[in-house]
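Trainee: Listed here are the chains, written in short residue letters.
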Amino acid sequence: MHRVSRPSVSGILINAAALVLVLSYALPYIYLLMTSIKPAADVQQIPPSFFPAVISFENFREVLQSSTLPKAFINSLTVAMLTTALSLMVAVPAAYVATQYRRRITTFFLLFALVTRMVPSVSLGVPLFQLLKSIGLLDTIPGLVLAHTSAAVPLALLLMSAFFEGVPKELEEAARMDGCTRFQAFRKIILPIITGGIAVTALFTFITSWNEFLYALLLTSESTKTAPIVIAEYNSVYGLAWGAMTAAAVLYSLPVIIVTLALQKQIVGGLTFGAVKG
Amino acid sequence: MSDEDRFVLCMLAPAVAILGLLVAYPVGLLIFDSFFKVETITPHIREWVGLQNYIDALTSKRVAESALRTLQYSVFALFFEFTFGFCAALLFSAMVGQSRWHRTIFALPLMVPPIVAGLLWRFLLVGNIGILNYGLVQLGLISDPNEIAWLSSEDIVIYSVSFADIWLTTSFVALVSYAGLTNIPKDLLEAARIDGANALKRFWHVTLPLMRPVIAVVVIVRGVDAAKTFDLIWIQTQGGPRHASEVFSMNIYQRMVRFGDLGEASASGTLFLLVMMVLAGIAYWKIWRPAHA
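Residue numbers (my numbering), protein chains in the order written: chain U, 1 to 278; chain D, 1 to 293.
Derived from the structure by calculation, the hints contain no laboratory data. Values in this document were obtained by computation on a predicted structure and should not be read as measured data. Heads up, some of the hints might be wrong.
Capping the alpha-carbon separation at 20 Å, the derived lysine to aspartate or glutamate pairs in EDC-like fashion look like this [claimed, not checked]:
#	chain 1	residue 1	chain 2	residue 2
1	U	Lys-188	U	Glu-173
2	U	Lys-133	D	Glu-39
3	D	Lys-61	D	Asp-155
4	U	Lys-169	D	Glu-4
5	U	Lys-169	D	Asp-3
6	U	Lys-169	D	Asp-5
Whole structure, please, built from the sequences with the hints as guidance.
Mentor: In structure tokens form, the structure reads like this:
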């Protein structure tokens, strides 16, 4: 009996410590949610209060009726979806041969993708600005998609390589015995069993583009601004419109949080996998 | 060329083309531009100046200061991210299978876009209405809510802006460390316990050495990311007050956009790239290669 009760004391301590830690990390975001549902006037009251005295959706109404934010959300969504599609189209086949057909060129290729992840976006942003300007794609949706793809493809390659490594080489060989060409084996046998990995990679590339700020700042102006740029502008253009800004920040971040929490198990696996491998 | 080789090349070609056009070519352009006196708005008018842009960058006080600040920021952020994240992972693994919900909630900041994290922390720290100082007053740590000017004091701002980074990425460290900790064989720790090693000794002589590769990955991945930071600081201070939070990436951006000096921005960008490549080289030799050997 003694051995049973003793660990429970330290167990309670550990649980309490973990609870404090988790709460202190969740608190800032909860405060953001609380602030967004305060009336605009209460947001900047001194001293500030954590909970709203009255619940109001005034801030949300303001940003949704503004001329800029809804359009920026559409831009962000368009860019993120196109970036995801383009990145997966080129990265999935490449990651497949890079892991299943090991040779000097594929090893070099994966290494290049890994090195690319280390390139600071500002270093790449400077010449990308020039490149897009010279081909007339500056301040266009396709231009920003290309810029985001430069960051998303290496990420997709490393994640997909990690997933393809779990696929036995015999699978393709068996399919070819049955008369498939290499390409048919890839399309009809390999792709269907790797859809889970593709879904996780798609989500990661989507979030990479959705969250991206520096390229959007450098490469877009009026008509193609994405959501983070418009949210950041509440900072300067409208003075310090904290109420509107918190509402816009909630609209921008909450959908991603909900989707990722729903798929948490797969994502954490992919994330730690990609980090350790990549 | 064999049938197999042709297949490999076909599958590889689109990715090679994309990375060539969007990474290799721009990097070449960056290095090329760094040897010219050239303006951002008129890139077709250029004058060869050799290494002058590099000399200017390396002798500029503002560049040197921004490089030092990048180091201060990265080391400070990394130290706390690592300490908090690793402790969280140890706590979660001590809870033996009861930490699922804790980990789920703890992972929350990981999904928050950097721009939102930056704004949120600016809102928490900003003068007059920043709730953090009121919280510190309640706890009795300071007496006046205006006592610490987190974002407007030139002495501390570079550390204050890293709070958002620490909040945002501690969970990444925790999740990767937790995955590493769960891979440590239980019987190894049990054997050390039977041999009379106390908890501290078990941690120091068994857990820590086995975690070495995981720690190396976390430090390199997070270190490189912290050194590249732009958006998180930009949204909080735009580099101010009086450049006191201007890191290297921001310095490059300012010189390209505000001063329109494409040549000098390219030289700095190339130098930045080289430093990161050296770090990438270390990452490759230390981590990636042994795993594939």
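Trainee: Which of the numbered hints above does this structure break?
Mentor: none
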